[in-house]
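Chemist: Listed here are the chains, written in short residue letters.
Number of protein chains: 4
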Amino acid sequence: MALTSGIKGVIPIAPTPFHADGTVDEVSLDRMTDFFLAAGIDGITILGQLGEAPKLDHQDAIAIARRVIRRANVPIIVGASAPGFAAMRSLVRDVMDLGAAGVMIAPPNTLRTDDQIVTYYRQAAEAIGTDVPFVLQDYPLTFSVVMTPGVIRRIVTENDSCVMLKHEDWPGLEKITTLRGFERDGSMRHVAILTGNGGLFLDFEMDRGADGANTGYAFPEMLVDVVRLAAAGKRDEAHDLFDAHLPYLLYEQPQGALGLAVRKYVLMRRGVLASDAQRKPGLSLSAEARAEVDYLLSRVARFDRRAQIAR
Amino acid sequence: MALTSGIKGVIPIAPTPFHADGTVDEVSLDRMTDFFLAAGIDGITILGQLGEAPKLDHQDAIAIARRVIRRANVPIIVGASAPGFAAMRSLVRDVMDLGAAGVMIAPPNTLRTDDQIVTYYRQAAEAIGTDVPFVLQDYPLTFSVVMTPGVIRRIVTENDSCVMLKHEDWPGLEKITTLRGFERDGSMRHVAILTGNGGLFLDFEMDRGADGANTGYAFPEMLVDVVRLAAAGKRDEAHDLFDAHLPYLLYEQPQGALGLAVRKYVLMRRGVLASDAQRKPGLSLSAEARAEVDYLLSRVARFDRRAQIAR
Amino acid sequence: MALTSGIKGVIPIAPTPFHADGTVDEVSLDRMTDFFLAAGIDGITILGQLGEAPKLDHQDAIAIARRVIRRANVPIIVGASAPGFAAMRSLVRDVMDLGAAGVMIAPPNTLRTDDQIVTYYRQAAEAIGTDVPFVLQDYPLTFSVVMTPGVIRRIVTENDSCVMLKHEDWPGLEKITTLRGFERDGSMRHVAILTGNGGLFLDFEMDRGADGANTGYAFPEMLVDVVRLAAAGKRDEAHDLFDAHLPYLLYEQPQGALGLAVRKYVLMRRGVLASDAQRKPGLSLSAEARAEVDYLLSRVARFDRRAQIAR
Amino acid sequence: MALTSGIKGVIPIAPTPFHADGTVDEVSLDRMTDFFLAAGIDGITILGQLGEAPKLDHQDAIAIARRVIRRANVPIIVGASAPGFAAMRSLVRDVMDLGAAGVMIAPPNTLRTDDQIVTYYRQAAEAIGTDVPFVLQDYPLTFSVVMTPGVIRRIVTENDSCVMLKHEDWPGLEKITTLRGFERDGSMRHVAILTGNGGLFLDFEMDRGADGANTGYAFPEMLVDVVRLAAAGKRDEAHDLFDAHLPYLLYEQPQGALGLAVRKYVLMRRGVLASDAQRKPGLSLSAEARAEVDYLLSRVARFDRRAQIAR
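From first to last, the protein sequence lines stand for chains L, C, F and X. In terms of this note's numbering, the first sequence opens at residue 1 and continues consecutively. In terms of this note's numbering, the second sequence opens at residue 1001 and continues consecutively. In terms of this note's numbering, the third sequence opens at residue 2001 and continues consecutively. In terms of this note's numbering, the fourth sequence opens at residue 3001 and continues consecutively.
Isolated chain L (complex conformation):
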């Protein structure tokens, strides 16, 4: 089930469930996988930054990948960003053997010039094998690497195995429009564009031509509905649903470990995870923050009853 440029829909970025002692919680991992599938998603990305991948050793990572790939009959994308190509190649080879659909590669934050970025992806594609489909992650706020549409076009053109863009530039609507324009004028082949940023701009990103969401919101069923409504041309309905979630979605979004803490807390409240523990070093929510999240969820639930959480 190789990832192709035809992928569409919602691909959640999965957190990694831990017990309070820092060991991987496999029961919660299975439950979370089922939860995603029940939400109607089209794939799952595991072992990303949000999945606390840098805190996992190779054995942990492989065990998680094996478990999710076996359980879910959808494409599984594995985060493969690494400081060196040796570690990247080693992980990619192992997870592809296990049946992963593709991998996601973020740029190291030392890249500056257009040529440096293009060269990096050429070398990475060679290192992992040009038969391995990969997702290009464009996330300047976090990685400090700025890719123009022209650079993305060069990467796509040079590397047949680049099949999808995880778009999370900010603000990034014009970039989607420009890239779709490249497709229309024939200067770039089609790649899937799924968007990140916690879903914060999903409504208009769909209007601009995105194919879906590749992000980790704690209510993936909302992302699925927004993508479906947008695809069906029901713009007002899509925005109504999106706007009802937005105050909480914004709270969950903030960069860094706090967003993950909120998300794990809510997934725990929803019964998906047994614990909101992060492997060390990690952040936990203050009492004030938990109360704020509870308040926001109660407000979302006035519109979308799925956000109702028993106290």
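Just so you know, the hints here were simulated from the structure itself, not pulled from any lab data. Keep in mind that the hints are not guaranteed to be accurate.
[As the list claims (entries may be wrong)] Selected chain F positions facing chain C (in silico; Cβ < 10 angstroms):
1. PHE2035
2. SER2081
3. GLY2084
4. TYR2120
5. SER2144
6. THR2157
7. GLU2158
8. GLN2278
9. ARG2279
10. PRO2281
11. ARG2302
Each residue gets a CB set at the ideal place from its N, CA and C atoms; glycine is no exception.
Knowing the structure of chain L, use the given hints to seat chains C, F and X on it.
Modeler: Then chains C, F and X, alone, in the frame of chain L:
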């Protein structure tokens, strides 16, 4: 009318109105000043980054400051960030002579260590004169300078003339709570904390102890109402109003020149500015973006009729 | 005396002489100008970063420029880097009216992509007037802006008024070779390449095709001799002289204010400056550092008696 | 043979020898180990940035560590910088089991505030085990992390297992003086300070109180002699030897992969390595650069015959 640590409420960050040919539009400047006053604001910040200050020469800047200070009977804060202390001192001396209430100083993006940041503000306070009240701007996403609460406490403690924090860390709620804790435990004197980030987190910032907003949303009357409602303990009403604006507020917020383009466009649509022109180099909105803004405003207007804009 | 792409030789970056109280020392300024002329230099760059330009207000800057331009019958290049085009245009107009030969423009450290860099220089050239010759400063270690040879070619090609490159990439020899290759293959017109980095790589830079040095070493006569010897094909002699100075040159070079402190101290020891004072905020040398510099100079003097300094 | 704060002398940073096909060249690895020992070094650092560690997978890394540790009867320090604590812990545990003396940890380039840096080292020390001696690497030019002397003191004080500072701030002489002052005034316990930067400032670093060099110059015997002469109070002789090497040492030093390319080329010329190949992605020297290196070596050899290389 010197700025003091007792300042509260809403202090908009004013854009600078230009004619299409790039000259300052004084009629719009006056109209905008009146518009802010009518909205119930408690001060105005001019010549900030958002006011396109780097594109203004000294004469332009002084003329704008004079005009706003004469017209508005509220404290006027003037952006005084500059690459060197000579230019900073020169501007500050001139605008304080004109009757400015204080100045705002952002950190140069080359500062790294705690000591470098503290030293910079000590030198800046000396350079402008320790009798000039100043606002400390904490905006890591844009300036790449990260100030811990402890560093802010050191700056406040060393510099009596530091009377206000423009807080726009992100996520920043815990920072407000920590700083207010410093006040309660007696380790830091009180300074006003007004928040930025386009107002994106104003609702919870007020809950955490902020004194108001110091940001440039195109509907300052909403900010005024949210601050008032929050101060009156009407939390649900504050959030209801805030949430109704949030989808558009988020769209206006994005970093960089695009947020300013949106804001000027809406202020033009509202009849405040004659033109949404930016002085070169500046961005203008695409047709898609204008349509998206119009759509968002129509949705805000369902809840808050003040956002109704004649087509 | 407009700067052209035919410029060759040594153009020192001049420090700004101050009295201990921070006022400009005009007598030392004149003496330094004469000192440079006597050393056989081919131009002088004033008001650069090393000239403490950010600490000078407009009046100071203009007064210095007027004084040096009147006194020296060589091309005077004026540092015009500024955070905004308004301040840049204002300074450039004034110094060109006074008879400056051209200006030097460094990139703001927020530029990332190739297009951002190229766009910035296009806008800067328009802002100052396309009739004003300018020097492109390429100094990634200090400005965090990385320009590939291709980007430099785009800037040169787009802007007829770009006549010289101040090359201080590090390591940068291959860049000179590549740029000279662009000239040979006809893809880029000729621009002068003068090198910086305190002269640290001048010997091989000349071998690679540089036209001279544009840097502030305290012994400009050595730079003049090295450039002359290299141009005359006397490679071993050039290296012998250069190597004799290298231990001290390296000590003077280090980035930041310390290099300036060393240089001013030695220029004071040489009788050029009355004081090594920097305008605040500035660094002064520790007793250990002064002793180290004295020791190094005594060692240079064993080979080059011009470095002999009376105790 | 655990690393202690009493370590002194020269600890080269070892490159990793590769065959042209990218496999590890074990014969050259053994020869290089013997070469270092013959030069009179006091330890060896392997698997650092310069050792192309990010291009090695875990098996490669372990094999190299085992081989060098078995062969050399001096303390072996292993580079353990990693993006996450899981990979770091895994490598550290394995190499300590093999008999490594300690590990070296560089800060990730995302750290900004003093507290972030101190926290990182506390977490790293816990992650690897507080019984594992570690070297703190302070290299702001490359890592963009700026540690004040006060921050270094905090790290040393918090972590008993921090036994050595690899000092490569630039310019950094005053930092050594300050840290040694901390020892004298009793505010910081003694840690060894060995210096990097390719040895570029070794002469004066020894004068300021450094304990030796921890860097990868291709003539380690020169470093050994300079450290010995400096320790014996033979300052002029130390400088004479150092200065004779300086022109080539500077050429070898430049940041990035080019310095490594020069060093491997010279080690090949010296008969230590069979090939100057780098594992992909790597740089190779241009013909011009090779000629320049040869020229420089011939000049060094006029003073130090050990630099004589058969053509």
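Chemist: Does the interface hint hold: is THR2157 of chain F within less than 10 angstroms of chain C, judged Cβ to Cβ?
Modeler: Violated, because the Cβ-Cβ distance from THR2157 of chain F to chain C comes to roughly 20 angstroms (cut-off 10 angstroms).
Chemist: Tell me if GLN2278 of chain F is really an interface residue toward chain C, meaning its C-beta lies closer than 10 angstroms to one of theirs.
Modeler: violated, 12 angstroms
Chemist: Double-check ARG2279 of chain F for me: the hint is only fine if its C-beta lies closer than 10 angstroms to a C-beta in chain C.
Modeler: holds, 8 angstroms
Chemist: Holds or violated: is the Cβ of PHE2035 of chain F closer than 10 angstroms to a Cβ in chain C?
Modeler: violated, 26 angstroms
Chemist: Regarding the hint that GLY2084 of chain F lies at the interface with chain C, is the smallest CB-CB distance below 10 angstroms?
Modeler: Status holds, d = 3 angstroms.
Chemist: Report holds or violated for the interface hint on SER2081 of chain F, using the least CB-CB distance to chain C and a cut-off of 10 angstroms.
Modeler: With a closest approach of 8 angstroms, the SER2081 of chain F hint holds.
Chemist: With chain C as the partner, please determine if ARG2302 of chain F meets the hint condition of a C-beta pair closer than 10 angstroms.
Modeler: Violated, because the Cβ-Cβ distance from ARG2302 of chain F to chain C comes to roughly 39 angstroms (cut-off 10 angstroms).
Chemist: Hold the hint about PRO2281 of chain F up to the distance rule: shortest CB distance to chain C must be less than 10 angstroms.
Modeler: holds, 5 angstroms
Chemist: Hold the hint about TYR2120 of chain F up to the distance rule: shortest CB distance to chain C must be less than 10 angstroms.
Modeler: holds, 9 angstroms
Chemist: If you take the shortest Cβ to Cβ gap from GLU2158 of chain F to chain C, is it below 10 angstroms?
Modeler: violated, 15 angstroms
Chemist: SER2144 of chain F was flagged as interface toward chain C. Is the shortest Cβ-Cβ separation under 10 angstroms?
Modeler: holds, 9 angstroms
Consistency note: the structure conflicts with the earlier hints numbered 1, 6, 7, 8 and 11.
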